[in-house]
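Got chain A sorted already, so can you dock chains P and D onto it with the hints?
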Amino acid sequence: MADVALSSPRAAPSRAANVWTYVRGHVWFVIAAVVVAAYVFAAAFAPFVAPFAPTEQDMMSFMAPPAWGPHLLGTDSFGQDLLSRTIYGARYALLIGLGAVLIGAGGGLVVGLAAGLIGGRVEWALMRLVDSLLALPSLIMAIAFISILGQGVDKVVLAVGVALIGPFSRTVRGDVLQVKAQPFVEAARLMGVGTLAIVWRHIIPNVIFPLAVQATIRVSYAILVSSGLSFIGIGVTPPTPDWGLMIAEGRSFVSFAPWIAGVPGAALAVLLIALSVVGDGVREQFDPKLKKEG
Amino acid sequence: MSMPSELFRLLDVEKAYDVGRKGGLFASGPRRRLAALDGVRLSLKAGESVAIVGESGSGKTTLLRVLLGLTSPSDGRALYREKDITLLQGEDRDRFCREVAMIYQDARGSLNPRMSILDLVAEPLDHHGLCKPSERRDRVAALLSRVGLPPEMMERYTSALSGGQVRRVAIARALASSPAVLVADEAVSGLDVSTQAQLLKLLRDLQREMGVSLLFITHDLGVAAYLCERIAVMYLGRIVETGLTKDVLSAPAHPYTRALLNAAPKFFEPIAEPLGGEIPSPIDLPPGCRFAGRCPEARDDCRASDPELVAGAPNREFACLHPLIGEPAFA
Amino acid sequence: MALALARPASAPPETPSSTPAPAPLLTVERLSLSRGEKLILDEVSFTLKRGATLGLVGESGAGKSTIALALIGLLQKPQVGLEGTMALDGSANLVDATEKDWLKLRGRRVSMIFQDASSALNPCFTVGSQLTSPLRRLLGMGAKEARGRAIDLLESVGLNDAASRLDAYPHQLSGGMQQRVMIAIALATNPELLLADEPTSALDVTIQAQIVRLILDETRKRGASCIFVLHDLALASQACDEIVVLYGGQVMEAGPSDVLLAEPLHPYTRGLKACVLELDTDELVPLPSGAPSFASKTPGCRFAPRCGNALPKCVDEKPPLETVRGRKLACWNPAA
Numbered sequence: 627m628a629d630v631a632l633s634s635p636r637a638a639p640s641r642a643a644n645v646w647t648y649v650r651g652h653v654w655f656v657i658a659a660v661v662v663a664a665y666v667f668a669a670a671f672a673p674f675v676a677p678f679a680p681t682e683q684d685m686m687s688f689m690a691p692p693a694w695g696p697h698l699l700g701t702d703s704f705g706q707d708l709l710s711r712t713i714y715g716a717r718y719a720l721l722i723g724l725g726a727v728l729i730g731a732g733g734g735l736v737v738g739l740a741a742g743l744i745g746g747r748v749e750w751a752l753m754r755l756v757d758s759l760l761a762l763p764s765l766i767m768a769i770a771f772i773s774i775l776g777q778g779v780d781k782v783v784l785a786v787g788v789a790l791i792g793p794f795s796r797t798v799r800g801d802v803l804q805v806k807a808q809p810f811v812e813a814a815r816l817m818g819v820g821t822l823a824i825v826w827r828h829i830i831p832n833v834i835f836p837l838a839v840q841a842t843i844r845v846s847y848a849i850l851v852s853s854g855l856s857f858i859g860i861g862v863t864p865p866t867p868d869w870g871l872m873i874a875e876g877r878s879f880v881s882f883a884p885w886i887a888g889v890p891g892a893a894l895a896v897l898l899i900a901l902s903v904v905g906d907g908v909r910e911q912f913d914p915k916l917k918k919e920g
Numbered sequence: 111m112s113m114p115s116e117l118f119r120l121l122d123v124e125k126a127y128d129v130g131r132k133g134g135l136f137a138s139g140p141r142r143r144l145a146a147l148d149g150v151r152l153s154l155k156a157g158e159s160v161a162i163v164g165e166s167g168s169g170k171t172t173l174l175r176v177l178l179g180l181t182s183p184s185d186g187r188a189l190y191r192e193k194d195i196t197l198l199q200g201e202d203r204d205r206f207c208r209e210v211a212m213i214y215q216d217a218r219g220s221l222n223p224r225m226s227i228l229d230l231v232a233e234p235l236d237h238h239g240l241c242k243p244s245e246r247r248d249r250v251a252a253l254l255s256r257v258g259l260p261p262e263m264m265e266r267y268t269s270a271l272s273g274g275q276v277r278r279v280a281i282a283r284a285l286a287s288s289p290a291v292l293v294a295d296e297a298v299s300g301l302d303v304s305t306q307a308q309l310l311k312l313l314r315d316l317q318r319e320m321g322v323s324l325l326f327i328t329h330d331l332g333v334a335a336y337l338c339e340r341i342a343v344m345y346l347g348r349i350v351e352t353g354l355t356k357d358v359l360s361a362p363a364h365p366y367t368r369a370l371l372n373a374a375p376k377f378f379e380p381i382a383e384p385l386g387g388e389i390p391s392p393i394d395l396p397p398g399c400r401f402a403g404r405c406p407e408a409r410d411d412c413r414a415s416d417p418e419l420v421a422g423a424p425n426r427e428f429a430c431l432h433p434l435i436g437e438p439a440f441a
Numbered sequence: 005m006a007l008a009l010a011r012p013a014s015a016p017p018e019t020p021s022s023t024p025a026p027a028p029l030l031t032v033e034r035l036s037l038s039r040g041e042k043l044i045l046d047e048v049s050f051t052l053k054r055g056a057t058l059g060l061v062g063e064s065g066a067g068k069s070t071i072a073l074a075l076i077g078l079l080q081k082p083q084v085g086l087e088g089t090m091a092l093d094g095s096a097n098l099v100d101a102t103e104k105d106w107l108k109l110r111g112r113r114v115s116m117i118f119q120d121a122s123s124a125l126n127p128c129f130t131v132g133s134q135l136t137s138p139l140r141r142l143l144g145m146g147a148k149e150a151r152g153r154a155i156d157l158l159e160s161v162g163l164n165d166a167a168s169r170l171d172a173y174p175h176q177l178s179g180g181m182q183q184r185v186m187i188a189i190a191l192a193t194n195p196e197l198l199l200a201d202e203p204t205s206a207l208d209v210t211i212q213a214q215i216v217r218l219i220l221d222e223t224r225k226r227g228a229s230c231i232f233v234l235h236d237l238a239l240a241s242q243a244c245d246e247i248v249v250l251y252g253g254q255v256m257e258a259g260p261s262d263v264l265l266a267e268p269l270h271p272y273t274r275g276l277k278a279c280v281l282e283l284d285t286d287e288l289v290p291l292p293s294g295a296p297s298f299a300s301k302t303p304g305c306r307f308a309p310r311c312g313n314a315l316p317k318c319v320d321e322k323p324p325l326e327t328v329r330g331r332k333l334a335c336w337n338p339a340a
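Those protein sequence lines, which keep their order, are chains A, P and D.
Residue numbers 627 to 920, in this note's numbering, belong to the letters of the first sequence in order.
Residue numbers 111 to 441, in this note's numbering, belong to the letters of the second sequence in order.
Residue numbers 5 to 340, in this note's numbering, belong to the letters of the third sequence in order.
Pulled out of the complex, with its shape left as it was, chain A reads as follows:
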């Protein structure tokens, strides 16, 4: 392509028009982002948004179906308001998801950088360790860690986070190897730039970005694993309003009170889908290889 004159002959369209074209071109991404934002908002301001406290029992209504009234989405077998519990549950889901991904991504960055940069025996040893982490599904890994660490929200974050280090280190190492071979690294070396400066200025910025994109995608996975832990009863302890736990509690009543498991289940499903769409959108936005022409 020939050089383009910097000053575009056409007048720049207004900001509002820009936003509107963006929204029109990325309908699903925008919807998903709004959904995720709503979850975050609900989680942050749960005491103001939720009509009841999460553990408050309404002795007048047990297993009430969703209906117009005080309990919009019904109550569970303890007479606790499902809407409120689900809203409070978003706190735990997002907290665990973000926390676990931060641990996983941080650990993965360290391991992946070490393996990709040092190479040789260190790389071999680290990657065999990662392989052994990857040999089991993250849920099984997390169960193993929980059995060592014990139950509780913080333990769940740690267990899921450590289970995620494996996949993160693999992607980081792959990116490091790829960036290391780029001509701009050789160019910096020719300029006489030292190894540490090359790592800091040229390699890490190019690795961090794909890592951040990976992380947004894996948040949903971390939430799913943590809910799985709670569901099988070894994650968060009752009466914490955790979705996995709520689904487990509602399981016995599914035939005649499906909403007890259904409400948190739907909340979980919608959040996971929205997070994946947002993750994909972020990746598409920042990965030039996936960008469509135009």
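Source of the hints: derived by calculation from the structure; they are not laboratory data.
One thing to keep in mind: the hints can contain errors.
Computed far set for chain A versus chain P, every beta-carbon distance over 10 Å [stated by the list, open to error]:
| hint | residue |
| --- | --- |
| 1 | Val666 |
| 2 | Leu755 |
| 3 | Ala813 |
| 4 | Gly888 |
Straight line, CA to CA, 25 Å or less: simulated DSS-like cross-link-like pairs of lysine-lysine [what the hints assert, rightly or not]:
| hint | chain 1 | residue 1 | chain 2 | residue 2 |
| --- | --- | --- | --- | --- |
| 5 | D | Lys277 | P | Lys311 |
| 6 | D | Lys42 | D | Lys317 |
| 7 | D | Lys42 | D | Lys322 |
| 8 | P | Lys376 | D | Lys332 |
| 9 | P | Lys376 | D | Lys277 |
Beta carbons: idealized from backbone N, C-alpha and C, even for Gly.
Chains P and D in isolation, oriented as in the chain A frame:
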């Protein structure tokens, strides 16, 4: 013999790679060697412009890596200002890094996509401590305007630039440390003719105005003729002909040079009879001249003895037993 | 909808037509192609005689490859908007052709050679299986017959030791040999029209000359026509009978290559020619920078912003493609 004005000097540089035994993993034959460079002599004086011309597989890229100190020759010596390039240390090494600037074929890949144009062009300045922080922006603006880019571009990233603009940024960055030599690897290939013409004009103006030496690796004889006073034609790891560009191109001595000339498209002339065959593998070369298999002039002695690069005419060297002009080379 | 696609009975493609003025093999009339808001091709017109070679030249973004892809049905409605006419001799308007129609044409009447043979050949299959599959599928040959024919084809494109090459995988061949295989595949079914999209730009200069010669010789032998997509004007002058100069999806100038390149009238053709380096070029006069706008609302000549001869009228009104001095020219203010 050595003159102080010589920047680069290659003395019979050889670069060979072991490629394992014939027949693969369980073979027992002798180890085979791939000679990417085989006895290359070359010098570049201050202010001079030299084109290295050859097809893929001719050893241009290996030669470049030896010149830049990225790989050390397996035999012979590669010198910069009379010192071994791979052994440069301390002050000499800093000087080499400052004085030799590289322009890559893959200009976009040679620029970190996460750095702004300002930081990219300023990196050599920062690294070599060539300007005060307060002058940084002005220096970069001056460099950008020198290559025909507006200063507003400083805040941008390479992903927002066209192919021609990216090459200009790469040139501006190469100029930042006021180098003595610009080494360019196919710096104008793969571009539209109009962009290519702009860049060639820019490079020639820069070379003439700044007195910087130019080592230009290209496959295009037209580019070589436009930019460089001297030319070295490479084939299979060797220089087969060298001399002043205008002499070599007006009366080539080596049949390979003539074949390259004939193959270049020319307006309205019928397509010349192409050279047969392809460049052979540099592993297990047959004895004799390495071009003999494709050479329309080859005779029996060409397949038996290997000609050396010798002066066969004034200011001309070529490696051919039956050259098209001048005195033949000896084997 | 079934379109009439068959070869005309009067002019069998295997023998070059001997009648003095046969119908053109390919007619493209006011062909426009749009993607969303962008108008990629803007009323492109040209014709191609049987047995002739035509070069589409221009910078990247000129729409050269787009035309080739439209002509082989890889850009169809409704993914892109198509208007106007493109028709092979005896066929209906291919602008309306569906994938089903194209399956009857592609490989039979029209074939294509891509720029990068290494990625156009499937690395998982041998040269032989990629070469025999069109023979068996399109010509209904048996395995043995197809293999024999494949060997003949490889020999005709200059691959020695053809029988053993059939069992080679593409990565075992050099770039030049891969391109030869591509040519053999494209010519396997004796198409009437061969499209070659920058067939040599990934190759070394000496190999480039071999490949261009090969394409010209083989198409001539078969009486087929060939469209080259090129960016090298000098090569175009050597290889093509006719040249169409494109800029931003508009035809700037079109005509016999000797007339057009000896004395280009359009400022763009002149500018392009001035950018071509020859061995004796002393001063280059580069065209000013710029890239075409594809906005469908641009009313005038798309080259006007870069044109040294531009008049106010050029921006507002599109010049018609008219016959001037032996060629078609679209310019309000041609160079004298």
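Exercise for the section: Confirm or reject the statement that Leu755 (chain A) sits farther than 10 Å, beta carbon to beta carbon, from all of chain P. Expected result: Its Cβ never comes within 10 Å of chain P, the nearest being 29 Å, so this holds.
Exercise for the section: Would you check the hint for Lys42 (chain D) and Lys322 (chain D), treating anything up to 25 Å between C-alpha atoms as holding? Expected result: Judged against 25 Å, a Cα distance of about 17 Å means the pair holds.
Problem - Ala813 (chain A) and chain P, when compared Cβ to Cβ, separated by more than 10 Å - result: violated (5 Å)
Practice task
Find the nearest Cβ of chain P to the Cβ of Val666 (chain A) and say whether that gap is larger than 10 Å.
Solution key: The claim holds: Val666 (chain A) sits with its nearest Cβ about 28 Å from chain P, beyond 10 Å.
Exercise for the section: Would you check the hint for Lys42 (chain D) and Lys317 (chain D), treating anything up to 25 Å between C-alpha atoms as holding? Expected result: holds (23 Å)
Problem - Verdict on Gly888 (chain A) as a residue remote from chain P, using beta-carbon distances over 10 Å - result: holds (46 Å)
Practice task
Compare the distance between the alpha carbons of Lys376 (chain P) and Lys277 (chain D) with 25 Å, and conclude whether the hinted pair is satisfied.
Solution key: This hinted pair holds, its Cα atoms lying about 12 Å apart.
Practice task
For the pair we were handed, Lys277 (chain D) and Lys311 (chain P), check the Cα-Cα distance against 25 Å.
Solution key: holds (16 Å)
Handout entry: Pair hint Lys376 (chain P) and Lys332 (chain D), alpha-carbon separation not exceeding 25 Å
Key = holds (24 Å)
Checked against the numbered hints given earlier, this structure breaks only hint 3.
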